[in-house]
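Following the hints, position chains B and C against chain A.
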Amino acid sequence: MLSWLPENISTYGGDIDSLMYHIYYITGVWFLLTYGVIIVFLLRYRRQEGQKAAYVRGDSLTQASWLLVPLLIVLALDLWIDFQGSEVWAKIKIDAPSSDLLVGVTGKQFNWEIAYPGPDGKLGTADDLEMENELHVPVNKVVHVILRSKDVIHSFFLPNLRLKQDVMPGRTIEAWFEATKPGRYPLPCAELCGFGHSGMEGSLIVHSLDEYEKWVQKNWPNKP
Amino acid sequence: MKDALNMKIESMTLTGTGIPSGKAGVWCFLASEITVFGGLIGSYLVVRLGSGGWPEASAHLSFSLALFNTLVLLTSSMTMVLAFDAVEKGDSKKLRTFLFLTILLGLVFLGVKAFEYAGKLAHGFTPGAGVFWSFYYGMTGLHALHVLAGVIVNIILFMEALGNALKPNEHRVELAGLYWHFVDIVWIFLFPLLYLT
Amino acid sequence: MSNILGDVTQGTHPEKKGFWRTYVFSTDHKVIAKQYLALSLFWAVLGGFTAYLIRWQLAHPETAAPGAGWIPEPFMYEGVVPPEFYNVLITMHGTIMVFFVAMPLLLAVFGNYLIPLMIGARDMAFPRLNMLSVWVFALASLVLLISLFVPGGAASAGWTGYPPLSARAIYTGVNWGMNLWIVAIALEFAAFLMGGINFLTTTLNMRAPGMTLFRLPLIVWMQITAGVVFMLSVGPLIAGAVMLLLDRVIGTTFYVPEGGGQPLLWQHLFWFFGHPEVYVILLPALGIILEILPVFSRKPIFGYRPIIYSTIVAGILSFIVWAHHQYVSGIDPRLAMPFSITTILISVPFALIVFAMIATLWKGSISFPTPMLFALGTLGVFLIGGLTGIFVGSAPVDIYFHDTYFVVAHFHYTLFSAVFFGGFAGLYFWFPKMFGRMMNETLGKIHFVLTFILFNTTFFPMFFLGVGGMMRRIANPMQYEFLQPLQPINVFITGSANLLLISQGIFAINFFWSLFRGRIAGPNPWQANTLEWSTSSPPPHENFHKIPTVYRGPYEYSSPETAEDWLPQNQLGLEEVKK
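Residue numbers (this note's numbering), protein chains in the order written: chain A, 1 to 224; chain B, 1001 to 1197; chain C, 2001 to 2579.
It is worth saying that the hints were derived from the structure and are not from the lab. A couple of the hints might just be wrong.
What the hints assert, rightly or not - To give an idea of the chain C side of the interface with chain A (calculated C-beta under 10 Å), a few residues:
#1 P2127
#2 Q2262
#3 R2473
For every residue, glycine included, the Cβ atom is placed at its ideal position computed from N, Cα and C.
The following block holds chain A by itself, in its conformation from the complex (with noise of 0.2 Å):
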């Protein structure tokens, strides 16, 4: 099933495939087990002729422990898959790296306003570049995304860098990724936005570093 995930190219896209392909197993082999003995149940104590039901309450510990022992087997793996997933969560949420560029974007209806800071590394001054749905951002760098809405909620993702963020107005939130391989990747919004919100969809372009540059010293050519 998880062969469908669209190729990663994120630094953490990994961690998270990973702990998917874990949840997976661990779900997989439950379901597995589960209904193999429901239907052997099923099979094995169907109505015969002549034949009783055992007269079981399950009330006893000795009974209950069919209960509670697979059920301290469910609580260890959610746990394990707990503890796994607040390590992933650190390092995308919490630990976030510096950056090397940083790029405003600003959801509206319906289409992503991107900002590019130019030279001086600042989002806001004079030699800001804005595109619309266009995001372009070198290879194996730490981007930054501040992000920002005009009106109502939309939801900034990238499914290639695992990475999803709401874009919340009143608000500016942080995310950050660090692209892997260069190429042309889609940059939906995920969040119902009004009429227009089937459609709305950016693309992110992630460049070599050689072309980065071409790239920046097209739109700003008085770099100094």
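Just chains B and C, lined up with the frame of chain A:
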């Protein structure tokens, strides 16, 4: 219909908690009411803590009017208790007097509230004037509606008491009292949250 | 048994009431349950139709949906769904299915019908409040229907109604439609609050002699736990709904950032209710299965008390998991892990209930009439819903799956299993009690097989769509280059969904045919133990000829005390006879 005696014997054999059903029902209702106001007050606190600059807005509220209203409501709770006491003693004259006083005090509270709203609106502090005013009108407005509902319940009881129709259902005074005290307690929370900070 | 039937049908209460008091303005809990049943089935048909239009648009975007050409502009254009109307459809589909099908069917129908009968009461504690409840619900239904036709269109901000999209008309162009939507939801809440208060008080105070709390059938426990969870969780959302309505009508700024408001506040209030709401729907469905399994396994339920404790624990835990709907909404990232832990831990009490169900089958004597098939189907489907919940419950994985079809598939596996599989199980099981006749077994089995297969072929592929990255609530996947390779799955799903919807016609035929032509059921066709089977089918007004006395728990099947393999709760056993 079964004859009344049989029904009565049957109802005595039922397994229950011993709390009269009416009372249990009102307590359940109040429990969910608490969560309504709890949600509203919680939202107010969260939004308030999350943004600065509110004290100026709340300084425009009239502390003295609110204090007066607090006293009015507290007194009305007392008259409600006295009305219940009168019911228990079977004193229907006192019952009518105290129910009437409770209704009157409830109406005074609403009158003062209306006066307060009119003054604020005249100064341009409309519900859309900022999130503090949204909460001010939202919280006190919802509370005022509850006061109004309590007044209506009390008026119904009062009318029944006038015609002596309340006699078989006197426990309803207690239930109305529970609700009235709840409305009073909500105000005790709203008063410091809105007016004192 | 026939004696009891005879006595009862002769009528202990000769007083006759007119048509209106008997069928329309009735305070009889059984009539009220049937009124709720009628309303919820009406809404289920409408909800199913919205599903059809949604699926058609997704598989064949911007082509005319067959059979929908009659819907006038500005809703649809000769059978084509425009994007605004698509948003209305998804909003209404969610609202209808959760609030106007699931809750009335599972809580109001089964709760109202069964609680008094199962605890041995003549009616609810507050019969008039009960009547008010169904009429307020009818009013809510009416308001929601009207909201579809007001100028500006119906609500289109999703069933979750996130502001600011829902808080200001300029963002959607919807004005009164959205206001009426809020009013309809609020009225629906009021109706179910009345119901919840009634369920709880009735169960606490009206039990037959001998019916201690630990002799209650599990569905009663589940219903009152659901009722309490609902009563304690809905308040903040009522406050939230009032705030949203004020934002729209008098221009307050609770959720509008320009006025200092917080859009995220709504999400907290909504999900503080919204997650417990899932269990409000799920618990009664689990209760239905727990009633059916022992009857057709002829075995006591395995671990009666642990199930009750698990239910209560799950009810409590449900209050502290809500932020798992908001991992990517911009809440403080440090909050996510605690919520992820509570969320995944909630699998523990539910795992216990599932294990107990499976252990009940062990060494049973299992037969497979239609209600049992649907009960097992519920278990099988719910299991997949629960297991896939672990994926979306884990915060890092949810970064990717949030708002994709993985979530859509997951909650249809939990809710569809509860509402439709659980609901059908209950209807097939208690139909003889409600209407005095059996439903047709052959049609029932065909209905089950088709529903089970087509449900899975409809919703399982949605997991693939979600893994492939397809977002929820988009009207046209073909607009996205990266989703175009997934389009054959969408076409397949739509085909399955259409067949699934059509196959429900078998149930409708069976229902109406059996209503008039079904075999006469008799008081206890399944040889079950609980009290509702000790009175006639359908039970008379005020339920029992004489209030039964209860001697034992509800699941004494194959007990060594008797030669029979069942022992009704109100039957004198060996010990009592000796005394």
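Hint by hint, here is what the structure shows:
1. P2127: This hint is violated: P2127/C lies away from chain A, its Cβ roughly 36 Å from the closest one there, beyond 10 Å.
2. Q2262: 7 Å, holds
3. R2473: 4 Å, holds
Hint compliance for this structure: hint 1 is the single one not met.
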